[in-house]
Amino acid sequence: MSYDEKTNGQMDAIIARYPRSRSAIMPMLHLIQSRDGFVTPTGIEFISEKLGLTTAEVYAVATFYSQYKRKPVGEYHVGVCTNTLCAVMGGDAIFAGLKDHLGVGNDEVTNDGKISVEHIECNAACDYAPVVMVNWEFFDNQTVESAKTLVDDLRSGKNPAPTRGANKVSTFKETSELLAGFNDGHAEEGVQAGPATLLGLKIAKEMGAQL
Amino acid sequence: MTTVDSGRTESAVTPITPIAPVEQINLIIDGFEVTVPKGTLVIRAAEQLGIQIPRFCDHPLLAPVGACRQCLVDIEINGRAFPKPQASCTIPVENGMIVKTQLTSEVAQKAQEGVMELLLVNHPLDCPVCDKGGECPLQNQAMSTGQSESRFEGTKRKFEKPVNISSQVLLDRERCILCARCTRFSEEIAGDAFISLNERGALQQVGIYEKDPFESYFSGNTVQICPVGALTGSAYRFRSRPFDLVSTPSVCEHCASGCSLRTDVRRNKTLRRLAGDDSNVNEEWNCDKGRWAFQYTMAKDRIANPLIRENGQLREASWPEALAAAAAGLKDKRTGVLVGGRSTVEDAYGYAKFARVALNTNDIDFRSRPHSQEETDFLAAHVVGSKVNYQDIDTADHVVLVGFEPEEESPIIFLRIRKQVQKRALEVTAVTPYLSRGFKKLNAKAVLTTPGQEATALNGLSLTSKSIIISGERLAELAGGLSAVVKLANKSGAKIAWVPRRAGERGAIEVGAIGNLLPGGRPVSDATARVDLAAAWGVDSLPAEIGKNADQILAAANAGQLEALVIGGVDPFDMQQPPVNALEKTFIVSLEMRPSAITEFADVIFPIAAVTEKSGSFMSWAGTSRSFEKAAPDAEHRSDAYVLSILSDAMGTPINLTGSKAAAKEIAAVGSWDGARATFTATQAKNLHEGVILATWRHLLDNGSLQANEPNLAGTARKNLARVSAKFANELGVKNGDLVTVSTDRGSLALPIEVSEILDGVIWLPRNGVGAESLRILGALNGDGVRVRKGI
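Just so you know, the protein sequences line up as chains A and B, in that order. Take 1 as the starting number for the first sequence in the numbering used here and just add one per residue. Take 1 as the starting number for the second sequence in the numbering used here and just add one per residue.
Everything labelled a hint here was simulated from the structure, so no lab data went into it. Where hints are given, some of them may not hold.
In silico DSS-like pairs for lysine-lysine, Cα to Cα no more than 25 angstroms straight-line [stated by the list, open to error]:
hint, chain 1, residue 1, chain 2, residue 2
1, B, Lys156, B, Lys110
2, A, Lys50, B, Lys719
3, B, Lys440, B, Lys466
4, B, Lys686, B, Lys491
5, A, Lys71, A, Lys148
6, B, Lys487, B, Lys466
7, A, Lys50, B, Lys440
8, B, Lys487, B, Lys387
9, B, Lys158, A, Lys71
10, A, Lys148, A, Lys168
11, B, Lys211, B, Lys161
12, B, Lys161, A, Lys71
13, A, Lys50, B, Lys441
14, A, Lys50, B, Lys445
15, A, Lys168, A, Lys205
16, A, Lys50, B, Lys211
17, B, Lys735, A, Lys50
18, A, Lys114, A, Lys50
19, B, Lys440, B, Lys419
20, B, Lys445, B, Lys487
21, A, Lys50, B, Lys727
22, A, Lys71, B, Lys211
Label-pair restraints from in silico Cβ distances [as the list claims (entries may be wrong)]:
hint, chain 1, residue 1, chain 2, residue 2, range
23, A, Asn8, B, Leu125, 48 to 58 angstroms
24, A, Cys126, B, Pro83, 25 to 35 angstroms
25, B, Lys423, A, Glu49, 25 to 35 angstroms
26, A, Cys126, B, Leu118, 28 to 38 angstroms
27, B, Pro83, A, Leu211, 30 to 40 angstroms
28, A, Thr149, B, Leu125, 31 to 41 angstroms
29, A, Cys126, B, Ser150, 28 to 38 angstroms
30, A, Glu49, B, Ser247, 54 to 64 angstroms
31, A, Gln67, B, Lys423, 29 to 39 angstroms
32, B, Lys84, A, Gln67, 27 to 37 angstroms
Here are a few chain B residues that sit away from chain A, every Cβ distance over 10 angstroms (derived from the structure) [to be verified]:
hint, residue
33, Met97
34, Thr104
35, Asp278
36, Ala535
37, Gly704
These numbers were taken from a predicted model, which means no experiment stands behind them. Beta carbons: idealized from backbone N, C-alpha and C, even for Gly.
Using the sequences and the hints given, assemble the complete structure.
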């Protein structure tokens with residue numbers, strides 16, 4: 001039960017961020033995913049020892065949040081929003097289309113290990129519905145066809161750019177390290193609030209609202 | 001009367017712990033005014049009026065959580081109403097509060113019915129096959145608060161069942177209502193967060209981490225406080241319906257904590273035991289040994305009739321024949337008496353009186369374990385009559401533990417100390433060679449001490465008159481240890497508490513089952529005390545010579561100075577030197593439940609009653625007695641005191657104890673000695689042994705004879721490991737899991753090691769683990785030198 005020196009150092013750095021060490025559990029779980037690809041038993045036991053918690057306490061957190069995976073996901077984990085708005089705007093069709101296209105079920109991985117799909121809850125991008133996320137980067141206003149092209153591009157190594165945010169899609173492991181709180185240098189890139197988000201503001205200004 | 005919890009009933013209103021200074025709050029509940037201390041929860045204030053608000057997650061000894069939502073009530077404060085019903089188990093009272101429960105508010109009633117309907121959506125309603133059926137808060141409150149028809153038409157959630165979360169606790173997840181009582185107990189009270197609420201939403205469930213089972217010494221309490229049938233005990237599962245059981249309040253016979261228990265019997269068979277309710281001692285908890293180690297009382301090999309040895313072979317005999325044989329064998333013989341530490345107060349009194357009146361000797365000792373003259377003096381000077389108790393722990397400023405690991409050796413003391421550590425950061429110091437997990441859970445400051453050097457460690461401590469020094473029976477093995485305790489107490493004014501491991505030891509001291517004390521703490525050396533007791537007993541005189549201790553009795557038997565022994569409840573392998581020669585040479589009368597190492601040598605054996613088969617009492621470490629009644633109504637075995645009494649009749653020197661009740665009455669009549677106590681002379685520490693020094697104590701669950709025939713319980717015992725420091729492991733060239741062999745001139749024992757927080761040059765071994773009975777195998781005590789090598 002051990003990780004390399006760099007990982008150990010990063011774990012210590014995470015713990016040092018908090019006044020009470022057990023607060024570090026969530027970023028530590030992300031860091032485990034960045035190394036192992038998912039939350040492994042080794043990772044749970046490592047964190048429990050590091051934080052002086054029981055394995056059951058760590059396991060409880062790891063199983064509560066759906067972003068912690070308990071089996072390997074694809075290098076690119078594709079989340080299709082199927083909450084109400086995205087669903088009626090085409091999310092359900094995209095999800096069905098991708099499963100069919102890739103030959104996998106919900107939360108399953110393609111044989112080459114490249115892509116996994118999951119239906120996800122609202123990601124606060126209803127104004128760009130239907131939304132697909134690849135390793136938590138936004139791909140807005142998708143259709144069944146655009147989503148199929150997206151996963152095909154990802155599989156063939158083309159690295160399509162997200163609609164907003166970072167200029168590239170990182171791998172699941174790279175993203176997990178970012179989520180553990182280690183900057184990947186892409187923070188300043190890309191569009192943050194897109195036109196649909198700002199539309200209301202624009203109309204309000206046109207109508208002479210005092211803002 | 002509706003049962004709210006197993007062992008707790010609606011009418012038993014939970015006492016409110018006063019908080020000083022006690023500001024009183026006035027409020028109105030269902031139109032009745034009530035005044036309660038500030039900080040009281042609404043649900044508890046309602047109890048004061050006899051108003052029962054339905055609840056599941058609420059437990060008076062656990063922190064409020066508001067998880068189940070069953071206790072919703074309407075609340076308004078000074079004319080401002082909460083917009084929706086509130087959980088009365090999480091809201092403290094306020095002045096001017098007007099509370100309307102389901103009794104006076106339709107909104108509250110409807111809210112409670114709605115919650116109940118939702119709780120039952122996924123509940124299987126398998127009450128007819130559920131252990132909890134008949135005493136189930138969910139069942140009862142579904143009747144009182146629920147609706148007779150469910151509107152749910154879907155398919156109920158199903159889980160694989162049951163899950164063994166340990167060998168003794170089973171989990172049926174579909175019955176669970178997610179109140180979190182079990183997980184909160186384990187974390188808050190026991191400090192063993194081995195179970196947790198896992199997953200989320202509709203799949204949320206109680207569980208363990210796959211590789212780490214729920215092996216807490218207190219796990220049984222979760223079965224008892226589970227308000228549904230989700231957690232059940234392996235031993236009791238599918239064995240009975242609660243309404244077929246006859247319950248008898250009882251007392252735990254295992255350790256000296258003094259727990260109140262309840263014994264549930266069906267057709268003379270004990271089917272389960274539950275923690276009783278005594279806020280001064282065990283609150284509402286007990287340990288798993290007290291809960292589950294009772295199968296020995298129903299062992300198939302129980303001795304049914306008296307046995308006498310004829311031509312080397314034991315044969316059954318009638319009582320008159322056996323009594324005559326025993327009386328003939330003991331008459332006018334120089335005899336010693338060994339009581340063991342497991343007798344009830346009344347039985348120990350029987351042995352004490354039998355020794356003096358029928359055998360005319362003070363050669364009696366209850367210590368079937370390593371002991372010393374220093375301890376004998378200490379018991380007479382500082383233990384007999386002492387009243388240091390649980391409440392002193394509650395108010396102590398500092399607790400020092402020496403020769404004592406409370407979680408392993410007296411678990412309810414452990415819980416009590418831990419409660420104060422959690423509540424007010426009570427300072428705990430452990431004088432120990434090895435900082436165990438139990439000490440860590442007490443946040444104890446470790447004074448790591450090589451066994452034998454306790455005096456040095458204790459001399460370095462500074463205490464006050466509000467401090468308590470708790471020493472265990474193991475300290476007797478370490479010369480000078482008890483003397484250092486006395487010295488520290490004299491210097492600081494701190495209180496002394498002494499905690500034996502066995503339930504009967506403290507009572508045995510008080511009733512004189514030891515060579516230097518007569519009943520009531522009367523010193524044998526005091527002529528007035530002897531005369532006083534002789535008068536009470538109606539005998540001419542009592543023997544004046546101070547009695548031998550157990551080791552001396554056995555040595556005298558071996559040397560031919562004693563010709564006979566009366567022995568009850570002794571395992572000779574608990575002594576450092578198993579007294580085989582002494583046993584072979586003497587005429588032995590044995591009082592036993594089951595065949596033992598003693599009965600192999602005995603000339604006459606009398607069967608005696610187990611605790612469930614007689615009445616009696618046990619005295620806890622704190623000097624408080626708790627009496628119990630016979631739980632198995634048709635049991636025919638008789639108490640030790642009664643058997644000794646009819647034996648004394650046969651010898652012509654009657655002790656006139658017709659049973660436990662008569663003995664209890666006589667103990668009260670004889671009373672305690674108010675004259676001078678014995679004085680204590682300090683003993684010097686010895687020089688350290690050569691070689692590796694042994695540290696050893698018993699795990700709570702081990703090869704003890706009262707844990708026989710209970711594999712589910714045994715399955716949760718700690719692993720048998722030898723503990724060494726990292727430095728020492730390195731010198732030996734071993735890492736965790738590697739075997740080392742520990743040897744003495746008597747024998748050797750190979751165990752896997754675990755690197756632990758222990759002094760270099762010390763090795764810790766379990767004293768009586770199954771297959772790792774280090775005392776029996778090595779004959780080595782704390783502070784003795786042993787040899788350690790790598791491998792087998």
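Now the hints, each set against the structure:
Taking the CA atoms of Lys156 (chain B) and Lys110 (chain B), the gap is about 23 angstroms. The hint holds against a cut of 25 angstroms. A threshold of 25 angstroms between alpha carbons decides the hint, and for Lys50 (chain A) with Lys719 (chain B) the separation of about 23 angstroms falls inside it, so the pair holds. Taking the CA atoms of Lys440 (chain B) and Lys466 (chain B), the gap is near 23 angstroms; set against the 25 angstroms cutoff, the hint holds. With a C-alpha separation of about 22 angstroms, the suggested pairing of Lys686 (chain B) with Lys491 (chain B) holds against the 25 angstroms cut-off.
Between the alpha carbons of Lys71 (chain A) and Lys148 (chain A) the distance comes to roughly 24 angstroms, so the proposed pair stays at or under 25 angstroms and holds. For the proposed pair Lys487 (chain B) and Lys466 (chain B), the alpha carbon gap of about 16 angstroms is at most 25 angstroms, so the pair holds. Restraint check for Lys50 (chain A) and Lys440 (chain B): the C-alpha separation of about 16 angstroms stays at or below 25 angstroms, so the hint holds. Straight-line distance between C-alpha atoms of Lys487 (chain B) and Lys387 (chain B) comes to about 19 angstroms, which keeps the hinted pair within the 25 angstroms bound.
With a CA separation close to 23 angstroms, the supplied pair Lys158 (chain B) and Lys71 (chain A) stays within the 25 angstroms bound. Between Lys148 (chain A) and Lys168 (chain A) the CA atoms are separated by roughly 18 angstroms; this keeps the pair inside 25 angstroms, and the hint holds. At roughly 18 angstroms between alpha-carbon atoms, Lys211 (chain B) and Lys161 (chain B) fall within 25 angstroms of each other, so this suggested pair holds. For the suggested pair Lys161 (chain B) and Lys71 (chain A), the alpha carbons sit about 24 angstroms apart, so the restraint of at most 25 angstroms is met.
Of the pairs offered as hints, the one joining Lys50 (chain A) and Lys441 (chain B) holds, with about 17 angstroms between alpha carbons and a cut-off of 25 angstroms not exceeded. Between Lys50 (chain A) and Lys445 (chain B), the direct Cα distance comes to roughly 21 angstroms. Compliance with the 25 angstroms bound is thereby established for this hinted pair. Between Lys168 (chain A) and Lys205 (chain A) the CA atoms are separated by roughly 33 angstroms; this puts the pair beyond 25 angstroms, and the hint is violated. Simply put, Lys50 (chain A) and Lys211 (chain B) have alpha-carbon atoms about 18 angstroms apart, close enough for the 25 angstroms limit, and the pair holds.
As the CA atoms of Lys735 (chain B) and Lys50 (chain A) are separated by approximately 20 angstroms, the hinted pair is consistent with the 25 angstroms bound. Of the pairs offered as hints, the one joining Lys114 (chain A) and Lys50 (chain A) is violated, with about 32 angstroms between alpha carbons and a cut-off of 25 angstroms exceeded. A threshold of 25 angstroms between alpha carbons decides the hint, and for Lys440 (chain B) with Lys419 (chain B) the separation of about 14 angstroms falls inside it, so the pair holds. At roughly 21 angstroms between alpha-carbon atoms, Lys445 (chain B) and Lys487 (chain B) fall within 25 angstroms of each other, so this suggested pair holds.
Pair hint Lys50 (chain A) plus Lys727 (chain B) holds up; C-alpha atoms about 22 angstroms apart against a cutoff of 25 angstroms. Only pairs whose Cα atoms come within 25 angstroms are accepted, and Lys71 (chain A) paired with Lys211 (chain B) is accepted, the gap being roughly 17 angstroms. Checked against the hint of 48 to 58 angstroms, the C-beta distance between Asn8 (chain A) and Leu125 (chain B) comes to roughly 51 angstroms, which is consistent with it. Range check, Cys126 (chain A) to Pro83 (chain B): Cβ separation about 29 angstroms, and the 25 to 35 angstroms hint holds.
At roughly 28 angstroms, the beta carbons of Lys423 (chain B) and Glu49 (chain A) sit within the given window of 25 to 35 angstroms. The hinted window of 28 to 38 angstroms between Cys126 (chain A) and Leu118 (chain B) holds, with their beta carbons roughly 29 angstroms apart. Roughly 33 angstroms separates the CB atoms of Pro83 (chain B) and Leu211 (chain A), a value that falls within the hinted 30 to 40 angstroms. Remark: the range hint 31 to 41 angstroms for Thr149 (chain A) to Leu125 (chain B) is contradicted by a beta-carbon distance near 52 angstroms.
A C-beta distance of roughly 36 angstroms is found between Cys126 (chain A) and Ser150 (chain B), which places it inside the suggested range of 28 to 38 angstroms. A hinted range of 54 to 64 angstroms is violated for the C-beta pair Glu49 (chain A) and Ser247 (chain B), which are about 44 angstroms apart. The supplied range of 29 to 39 angstroms is met by Gln67 (chain A) and Lys423 (chain B), whose beta-carbon atoms lie about 37 angstroms from each other. Judged by the Cβ atoms, the range 27 to 37 angstroms given for Lys84 (chain B) and Gln67 (chain A) holds: they are separated by roughly 32 angstroms.
At roughly 34 angstroms from the closest C-beta of chain A, the C-beta of Met97 (chain B) stays outside 10 angstroms, upholding its exclusion from the interface. No beta-carbon of chain A is positioned within 10 angstroms of the beta-carbon of Thr104 (chain B); the least distance is around 39 angstroms. Annotated as non-interface, Asp278 (chain B) keeps its C-beta farther than 10 angstroms from every C-beta of chain A; the closest such distance is 30 angstroms. In this structure Ala535 (chain B) is separated from chain A by more than 10 angstroms, as the shortest Cβ-Cβ distance comes to about 61 angstroms.
Every CB of chain A is more than 10 angstroms from the CB of Gly704 (chain B) (nearest about 27 angstroms), matching its label as outside the interface.
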